[in-house]
Amino acid sequence: MTKTFERICFLASDRPEALEAQSSLIEKYGNCSPEGSDVIVALGGDGFMLQTLHAHMTHSVPIYGLNFGSVGFLMNEFRTDGLRERLAKAEATTIHPLLMRAVTTDHREVQAIAINEVSLLRETRQTAKLRISVDGKVRMSELICDGLIVSTPAGSTAYNLSAHGPIIPITGDLLAVTPISAFRPRRWRGALLPHRAVVRVEVIDNAFRPVSAVADQFEVRSVSEVVVEEDRSISIHMLFDEGHSLEERIVAEQFS
Numbered sequence: 001m002t003k004t005f006e007r008i009c010f011l012a013s014d015r016p017e018a019l020e021a022q023s024s025l026i027e028k029y030g031n032c033s034p035e036g037s038d039v040i041v042a043l044g045g046d047g048f049m050l051q052t053l054h055a056h057m058t059h060s061v062p063i064y065g066l067n068f069g070s071v072g073f074l075m076n077e078f079r080t081d082g083l084r085e086r087l088a089k090a091e092a093t094t095i096h097p098l099l100m101r102a103v104t105t106d107h108r109e110v111q112a113i114a115i116n117e118v119s120l121l122r123e124t125r126q127t128a129k130l131r132i133s134v135d136g137k138v139r140m141s142e143l144i145c146d147g148l149i150v151s152t153p154a155g156s157t158a159y160n161l162s163a164h165g166p167i168i169p170i171t172g173d174l175l176a177v178t179p180i181s182a183f184r185p186r187r188w189r190g191a192l193l194p195h196r197a198v199v200r201v202e203v204i205d206n207a208f209r210p211v212s213a214v215a216d217q218f219e220v221r222s223v224s225e226v227v228v229e230e231d232r233s234i235s236i237h238m239l240f241d242e243g244h245s246l247e248e249r250i251v252a253e254q255f256s
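Just so we're aligned, residue 1 is where the sequence shown starts under this note's numbering, counting upward by one.
No wet-lab data here; the hints were simulated from the structure.
Computed from a predicted structure; not experimentally measured.
Please note: incorrect hints may appear among the correct ones.
As the list claims (entries may be wrong) - Label-pair distances were calculated between CB atoms; the ranges are:
no., residue 1, residue 2, range
1, Ile204, Gly243, 44 to 52 angstroms
2, Ser141, Pro16, 49 to 57 angstroms
3, Ser162, Asp231, 22 to 30 angstroms
The beta-carbon is built from N, C-alpha and C at its ideal position, and this holds for glycine as well.
With these hints in hand, go ahead and build the complete structure from the sequences.
Below, the structure written as structure tokens:
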């Protein structure tokens with residue numbers, strides 16, 4: 001990746017403060033298209049950062065976030081001055097997303113990419129019943145729960161952590177499989193799998209216990225089975241201020 005960052009593309013969420021900052025930055029540094037840029041600067045919160053990563057993941061352009069959200073775990077502190085210098089010193093993190101292949105109860109096949117996690121969630125008051133296989137071998141014949149999460153290291157501090165899943169170092173070649181409110185087996189807390197594992201989840205009694213599948217912000221309703229695996233054909237490059245890399249943030253999160 002280039003370290004000059006002369007051609008910057010500024011993208012902003014619809015928050016008024018982010019749009020105002022975008023105008024100021026464009027006036028100061030200029031602007032160009034995402035495809036013709038050396039770097040994309042995303043102004044918003046973590047949700048907007050995920051949208052930007054999804055929209056431009058095939059362009060091989062690094063993305064640097066400036067925080068205008070509430071948490072900003074994936075973002076950097078907003079300042080207008082010295083942006084090119086910050087970019088030149090920034091620490092790069094490359095991540096690989098998950099590929100979700102879902103089959104619905106009416107036999108449609110749907111694919112989606114997840115940077116953080118793939119979640120299976122019950123749609124009604126009825127708990128979900130799921131069968132979990134890993135690399136073709138059934139590992140759990142029946143999990144009764146509110147849902148299940150398959151998370152990347154980058155997403156391990158998000159929904160996965162809220163469901164009491166483990167935090168995975170960004171360089172850890174692992175996937176986290178975490179139940180949401182497991183009822184049976186009650187004490188099962190999930191599993192850590194090699195990053196090349198293929199996880200297949202079948203929905204048991206899906207007519208009575210409907211389940212949806214969500215890849216980050218993309219939802220498929222009424223699924224009968226979902227297959228999740230890492231997609232190494234896609235490399236996503238993120239930039240963080242010197243001393244505040246994503247790896248450092250994930251380690252620090254374990255002591256907060």
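Hint-by-hint comparison with the structure:
{"no.": "1", "hint": "Ile204 x Gly243: 44 to 52 angstroms", "verdict": "48 angstroms, holds"}
{"no.": "2", "hint": "Ser141 x Pro16: 49 to 57 angstroms", "verdict": "52 angstroms, holds"}
{"no.": "3", "hint": "Ser162 x Asp231: 22 to 30 angstroms", "verdict": "24 angstroms, holds"}
Going through the hint list in order, the structure satisfies each hint without exception.
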